[in-house]
Amino acid sequence: MKREYGDSVSWQRENSLHDPIICINNLVFHRDGNVVLDDVSMEIRRGSIVAIMGPSGVGKTTILRLITGQLQPADGSIEVNGELVSAMSHRDLYKFRKGVGVLLQNGALFTDLTVFENVATPLREHTKLSEQDITDRVMEKLDSVGLSGTQELMPHSLSGGMARRVALARAVIMNPEIVLFDEPMTGLDPIAMSTIGRLIRETNDQLGLTSVIVTHNVAQMKKLVDHCYILASAKLIAEGSPQLLTKSSDPSVDQFMNGRVEGPISFKYQQNQGGGAAQSS
Amino acid sequence: MGHCGFFLFRMLAGIRPGPALLMSVLQQTYLVGARSLVIIMICGFFVGMVLALQAINALQQFGASEQVSLLVGKSLFRELGPVLTALLFAGRAGTSVAAEIGLMKATSQIDAMQLMAIDPVQRIALPRFLAGFLSLPLLTAMFNAFAILGAVVFAIGVWGMDAGIFWSKLQTGILFGKDFMGGFWKSVVFGGLVSLIAVYFGYYAKPTGEGVGTATTRTVVLSSVMVLIFDFFMTSFLV
Ligand SMILES: Nc1ncnc2c1ncn2[C@@H]1O[C@H](COP(=O)(O)OP(=O)(O)O)[C@@H](O)[C@H]1O
Ligand SMILES: [Mg+2]
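Just so you know, the protein sequences line up as chains A and B, in that order.
Be aware that the first sequence starts at 1, since it is given in the working numbering, and climbs by one per residue.
Be aware that the second sequence starts at 1001, since it is given in the working numbering, and climbs by one per residue.
This is chain B alone, in the form it adopts within the complex:
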């Protein structure tokens, strides 16, 4: 834990802002985004559908089924969007970053860099870490958009709800500060958390095939646990 914090410090202390860093951060963001985009769209869509289904079932009992978009929207923006995206991101992008860096280590590429007087923490770890910060909020927005789409498809398309009511409830019920920004800050924190863990385990992987495997497994497990723990504490502060 302390070691991981020290690693974070090492990344940020040596930071040299410039076009080279910007380019590699954008490149990594693109790679990470491209890796995770499809899975996040698909999952978002189905989560939206199932949320609408459950919400309609529950609300019908009280005759309040026109509130469905409000319920779906709130739970999505506040909780499910950031958390589920972060978990998917850990499984998809986090593991591949950890494996990629671990493999670089196993094939002495990290060594070669140090011998060329290039700091691998700055060159390899930092851009991938920053890319996590940048891409998770974007991916979360994408997840939310597709989840709303899924809810629309189910509530309006399948169940036959009035589209006007759906959208107006969503617009008036979702608060920008509490619901939307709360979720946004969560996704920023989760992005940093997951990518820090991935980069850290990759960088300190044993330089063997087995070591790389261990690093990827640990990345998923630890980042999932940490996301859920942080989610609770952030929610108690934000609400």
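With the rest of the complex left out, here is chain A:
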């Protein structure tokens, strides 16, 4: 079933046959005595694009770091492909991470390497491919994000949108099963945003990935994702397809989806409460 970026197809209908690839069960996470995440559960299905949304500081990046095993939950569990991430040894964790692509906030390209070498880094580290094969794979990926011809540039000479696309190429160069995106569109102009959005959709469907996107961009989320989780004050307050959530009558969901100042989500810093420094973005 071919999907276009911007299509609105009910996630439930299309993916009901797919099994969950990431299961988050009753996750609790503390930081310096503050509850960052409280009893959060998610079931992310293979092949889907899922958004995790919520105000800044609510703990979205924290969830990604818990999925990759960089942080350990205080309670609850995260299973990826049926394997418990928190129980993995150092070696298992490194093996597991080869199957997970991550696009960090701002791309995090290696500033001392060219675009080509940035994208080639995981291949050089983890495969024994010949120089010719590496060149072919890197050029193919760069081409798929519309950046053939930039391979010799250094990251500082790229625009924000281009850097993000290079980071996307790097995140999928090992053909991972899962790609995690931390605010892939923040700080980009509207055209670059839509370009990234379309590329995420295309790579997801062409490579059969599962994509988890952390964002607070409601408009882009509506166009891009199949399923959406909304966090506020450390809790999961709503989930469902974007269409469903836009129509939600829940005051918190409505406040977030429509960017209202007044509502149950406070922008004040709350001590010893989840989602501390929630700001309107």
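Keep in mind that the hints were calculated from the coordinates and are not lab data.
It should be emphasised that the depicted structure is a prediction, and the values quoted were computed from it without experimental measurement.
Ideal placement from N, C-alpha and C gives every residue a C-beta, glycine not left out.
Don't take each hint at face value.
[As the list claims (entries may be wrong)] Label pairs and their in silico Cβ distance ranges:
1) B:1030 x A:95: 57 to 63 Å
2) B:1229 x A:28: 45 to 51 Å
3) B:1208 x A:112: 16 to 22 Å
4) A:95 x B:1015: 16 to 22 Å
5) B:1153 x A:124: 48 to 54 Å
6) B:1022 x A:83: 20 to 26 Å
7) A:83 x B:1039: 51 to 57 Å
8) A:30 x B:1019: 34 to 40 Å
9) A:43 x B:1208: 32 to 38 Å
10) A:248 x B:1208: 35 to 41 Å
[Said to hold, decoys possible] Some chain B residues close to chain A (C-beta under 7 Å, calculated; not the full set):
11) 1109
12) 1112
13) 1115
14) 1118
15) 1120
Assemble the complex: chain A is given as a structure, and chain B with the ligands must be docked to it using the hints.
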């Protein structure tokens, strides 16, 4: 201190010798060397001149001014060469290594590496640490060579000393084992010390602009102090 030792252990325990590591060590040595070379040549030259000047002033009182090359050579090879080069190296190369790694951290490049299942300690810290070992003895040799040149320029060129006496005193008076190798071992130890401190503070810098600043400052201060402390103890063992 213990943490720093543990970090050293982590670097060396995971070491995977191979062409990739060799390449990046050589590349870092080149970068570090290129960064520090000019300043070390200039400083070496002037230190040599001032040493010759002071030595001539002092020795003249005893009518022993032909011993100038011996005095300059001994103090240079044993003490001033390794110590001053290490201090300059800490200020020039140590700070930039600490800032570079700290900045990589602040821009999540270290994070990105871990997420690609690449160990940043091996990939980033180790080559820079080993490059310090390799480059400080070379830079010290360079410093000494330029200091001798400075002494030659002053003693022979300005003061009009006989060149034959200058060189023969230097050749017969400087002992290979005690003076030359003693200084060499010092520079090896200082190289390891300064680059370990730089890499360590860079790696554990807070990932903010301020954190990077703190890391560079601490690198200079601590490595200068440590160099001087180690210098005393090494001298008491070596002599
Ligand atoms: N390294 C850290 N040290 C201390 N607190 C942190 C750190 N990183 C994040 N936090 C806190 O954890 C909470 C969640 O942060 P984060 O997951 O980055 O939020 P989001 O990505 O949703 O903006 C915030 O209140 C933040 O202040
Ligand atoms: Mg974040």
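Status of the hints after comparison with the structure:
no.	hint	result
1	B:1030 x A:95: 57 to 63 Å	violated, 34 Å
2	B:1229 x A:28: 45 to 51 Å	holds, 48 Å
3	B:1208 x A:112: 16 to 22 Å	holds, 20 Å
4	A:95 x B:1015: 16 to 22 Å	holds, 21 Å
5	B:1153 x A:124: 48 to 54 Å	holds, 49 Å
6	B:1022 x A:83: 20 to 26 Å	violated, 37 Å
7	A:83 x B:1039: 51 to 57 Å	holds, 53 Å
8	A:30 x B:1019: 34 to 40 Å	violated, 45 Å
9	A:43 x B:1208: 32 to 38 Å	holds, 36 Å
10	A:248 x B:1208: 35 to 41 Å	holds, 38 Å
11	1109	holds, 5 Å
12	1112	holds, 4 Å
13	1115	holds, 4 Å
14	1118	holds, 5 Å
15	1120	violated, 11 Å
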